[in-house]
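Novice: Listed below are the residues making up each chain.
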Amino acid sequence: MDAHAHAHEMPWIRRYIFSTDHKTIAIQFLLMSLFFLVVGGLLAMMMRWQLGFPSEPMPGGMLLPDEMMAPTPAGAIMLPEFYNSLVTMHGTIMIFFAIMPLLVGVFGNLLIPLQIGADDMAFPRLNMASFWMAFPAGLLMLASFAVEGGAAGAGWTSYAPLSASGEYTGVYLGQQLWLISLTILGFASLAGAVNYITTIINMRAPGMTWFRMPLATWALFITAILILLAIPILAGALIMLLFDQTIGTAFFLPASDGEPLLWQHLFWFFGHPEVYILILPAMGITSDVLANGARKPVFGYHAMVLAIVAIAFLSWIVWGHHMFQSGMNPMLGTTFMITTMVIAVPSAIKVFNWLGTIYKGNIHLHTPMLHALGFVSMFIIGGLSGVFMASTPVDVYIHDTYFIVAHLHYVLFGGSLFAIFAGITFWYPKMFGRLMNEKWGRIHFWLTMILYNIVFWPMHSIGIQGHMRRIYDPTQYEFLQPLQPINQFITMAAFALVAVQVIYALNFIISIWKGKKAGNNPWKANSLEWTVPSPPPHGNFELVPIVYRGPYEYSAPDVEEDYWLQDAPPPSETAAPALEPQPVAD
Amino acid sequence: MSQAAASTADRHPMPGMMVYNVKLGMWIFLLSEVMFFTALIGSYIILRFAHPDHFAEPGAVLNVPLTAFNTFVLICSSVSMVKAYAAITQGDQKGLRFWLLVTILLGTFFVGVQVVEYIILAREGFVPMAELYGVAHEIEGAALYGATFYTMTGFHGTHVTIGILCMWFVLYRAWQGKYSADNYGAVEIMGLYWHFVDLVWIILFTIVYLI
Ligand code: HEM
Ligand SMILES: [Cu+2]
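Residue numbers (the numbering used here), protein chains in the order written: chain A, 1162 to 1747; chain B, 352 to 562.
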């Protein structure tokens, strides 16, 4: 099959809509998940309005139907049921339809074949199917807002029995759609994971040994293994919960002697690996970008790989730290406390290696580098607050408070999302052939960084003072009323935080047409994706690349430039290369 | 590995890699299947330990001899699957078609018996919720015992059914002569899946019917 010749004759529906090219699928995932990122952000804004100004008429609230906002002469006031749906859908959409597809769907698809020197994924059609399951699953999730009873309202963790019977939340169909949508998304993730793992094991270019792979690909590989093993657990749990709701089973219903705690165990046995699914690719991206910005090899490359593997392994035995307060056996609590403390060790190793990487580097503060540095600093804060919560005696006080909300936003927004910004800016040329605007990129970074901390840092403090999470109206408790000014302050800052994202959106959109042409290697990086044009042609590589060295040979003494492409023949071999490049055979 | 690697589904694996893509992909996919059944079986074990009174003695509700025979049938279908695979590695087209057909028939028989068993059990009131299923009374504990039983065996049956559908497709391609002694990847991965489903059943039969 001669893919190159056919590329131009394909009808546009095969080229842009039902494409099997991994780069096109990556862009499809990018547009989809950025859309859901915006939706999730808007839901959060409505929540913040209610928290800052409890039960005051919401600007624009009149546009929403009466089941969500109660109309009064002064304006529309949010209903408590709708607030529950907002909390649930914000978490669900952000985790499953924004961050996860951004990290795994976008960067997995874009980077894996390019960084290992393959022409595409092992199963391109399965890859296409993966997107075309994920996208309808997202639409289904959104559609649940429109059904009777509204969208699911039992939290993104959907604890039973609250979620197991519509009698408790008033949400019947919405909760079922939630379950079905996530099950479909699970299939999409599995399809992707099988593809990524097979591709990385089987389709690396000659010379691309395991320890010459860029850390982004390493992280995506381990993430795919976590997805492969964790998602089926979630699927099993979702299906059992769906049966409880629809066909009369009682897996999680205490009234018939079912076990609500079983849901928590299943959910978190999936859930903790899931949070590492949401951070490992971000760590990989950060490693690549930091080495590039510091013009130095990654400090402790092997330790970085081993730390990823260790985190993935340990992530299976810490799930109980979400259940300290659940009535689980206290002995188990201690066990999980110890394992959780242990998992902080490989995380810390990574942090120290990042610091080692930039130490005495020739630092170039380009936009991706800024975001990568943002990632490291915010991840330190989030990781440290994690260690606090992991201590059972401390967690008694802060469990289910805004302290948890602060922690998860420091790791997911400060961590994952900053790394995503870094990654999108860094690899934008490989998707659109152009660079994003540097100046506006930096302005966006600094505004986001500052506002983000203004929004989320105070949440630690109000959490410690007892402000519970997932609460419709904090002022109903007298002891929380003094915190209301802080809540209002957070709300105003949150509006500003969302507003400055418009800068990024405009930069992203305008650069598609107006950005500076990138050329092959605008960041002077080493890995294989920078040896091909931006964007790479269908089939990626003209000749199967031959890899001679690792991806982080920055400032190597043997060459004049401060970078050294992975497929550049070593000086001694230029005269008589040992391996002849082979034409791509497919 | 040159014989199998020539299959159309194959896409230049890494030099020296011994397993072609589709086969590797199937192995990886089966790992996730292991986790799926682990979730179901694990839940069963936890619920049963927490509430032993809801679960009947072996044989009290479920028909063990009938299912034992059915298990035997499914194991036979694995043997015939091996025969089909062995045939095509020798280039024996007729043998391939014959043994595939035998496998399909045995698998269909298995599913058929299971459906009949479900119907009989439901008539006796072994359903999770009597009013939903129009039966007069409900065997005590069926909301848990029945729930786990139908979920586990039902998902297994679904896997067998999907396997049968795929096998029809393989048989159709076999009739077209798409496979040969150099190209039998699809038959091989079909076999992998089928043996896996078989293995799951042996575990389920043991813990649901016998223990
Ligand atoms: C050093 C590593 C980490 C430690 C020790 C840690 C510890 C914890 C603990 C103990 C909790 C439960 C608190 C409670 O509910 O009382 C928790 C919650 C949470 N963590 Fe972490 N964590 C770490 C890293 C991460 C990372 C990397 C992520 C995601 C990228 C993450 C995401 C979350 C989320 C989303 C929750 C809240 C779950 C919910 O909705 O209840 N954590 N963490
Ligand atoms: Cu956790």
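Quick caveat, the hints were computed from the structure, so don't treat them as lab data. Everything numeric in this text was worked out from a predicted model, so none of it was measured. Virtual Cβ for every residue (Gly too), placed ideally from N, Cα, C. Among the hints, a few may not be true.
To be verified - What the simulated footprint calls covered on chain A by chain B, stretch by stretch (three residues with Cβ under 8 Å from a Cβ of chain B suffice, anywhere in the stretch; the number is not a length):
no.: 1; stretch: 1211–1218
no.: 2; stretch: 1221–1234
no.: 3; stretch: 1349–1360
no.: 4; stretch: 1570–1579
To be verified - Calculated from the model, a selection of chain A residues having no Cβ within reach of chain B, i.e. all distances over 12 Å:
no.: 5; residue: 1176
no.: 6; residue: 1240
no.: 7; residue: 1413
no.: 8; residue: 1643
no.: 9; residue: 1678
Novice: Does residue 1678 (chain A) sit more than 12 Å from chain B, CB to CB?
Specialist: Holds, since 32 Å exceeds 12 Å.
Novice: Determine whether the non-interface label on residue 1240 (chain A) survives the test: each CB of chain B must be over 12 Å from its CB.
Specialist: Given that every Cβ of chain B is farther than 12 Å from that of residue 1240 (chain A), nearest at about 31 Å, it holds.
Novice: State whether the coverage of the stretch 1221–1234 of chain A by chain B holds or is violated, taking the criterion as 3 or more residues with Cβ-Cβ distances under 8 Å.
Specialist: With 0 residues in contact (Cβ-Cβ under 8 Å with chain B), the coverage given for the stretch 1221–1234 of chain A is violated.
Novice: Apply the coverage criterion to the stretch 1570–1579 of chain A and chain B: a residue qualifies when its Cβ sits closer than 8 Å to a Cβ of the chain, and three qualifying residues are needed.
Specialist: With 0 residues in contact (Cβ-Cβ under 8 Å with chain B), the coverage given for the stretch 1570–1579 of chain A is violated.
Novice: Hey, is residue 1176 (chain A) genuinely clear of chain B, shortest beta carbon separation above 12 Å?
Specialist: 20 Å, holds
Novice: For residue 1413 (chain A), is the shortest CB-to-CB distance to chain B above 12 Å, so the non-interface label stands?
Specialist: 9 Å, violated
Novice: Checking the smallest CB distance to chain B, is residue 1643 (chain A) really beyond 12 Å?
Specialist: Holds: least Cβ distance 44 Å, greater than 12 Å.
Novice: Report holds or violated for chain B covering the stretch 1349–1360 of chain A, Cβ cut-off 8 Å, minimum 3 residues.
Specialist: holds (count 6)
Novice: Count the residues of the stretch 1211–1218 of chain A whose Cβ falls closer than 8 Å to any Cβ of chain B, and tell me whether that reaches three.
Specialist: That given contact is violated, which follows from only 0 residues of the stretch 1211–1218 of chain A lying within Cβ reach (below 8 Å) of chain B.
In this structure, the earlier hints numbered 1, 2, 4 and 7 are contradicted, and the remaining ones agree with it.
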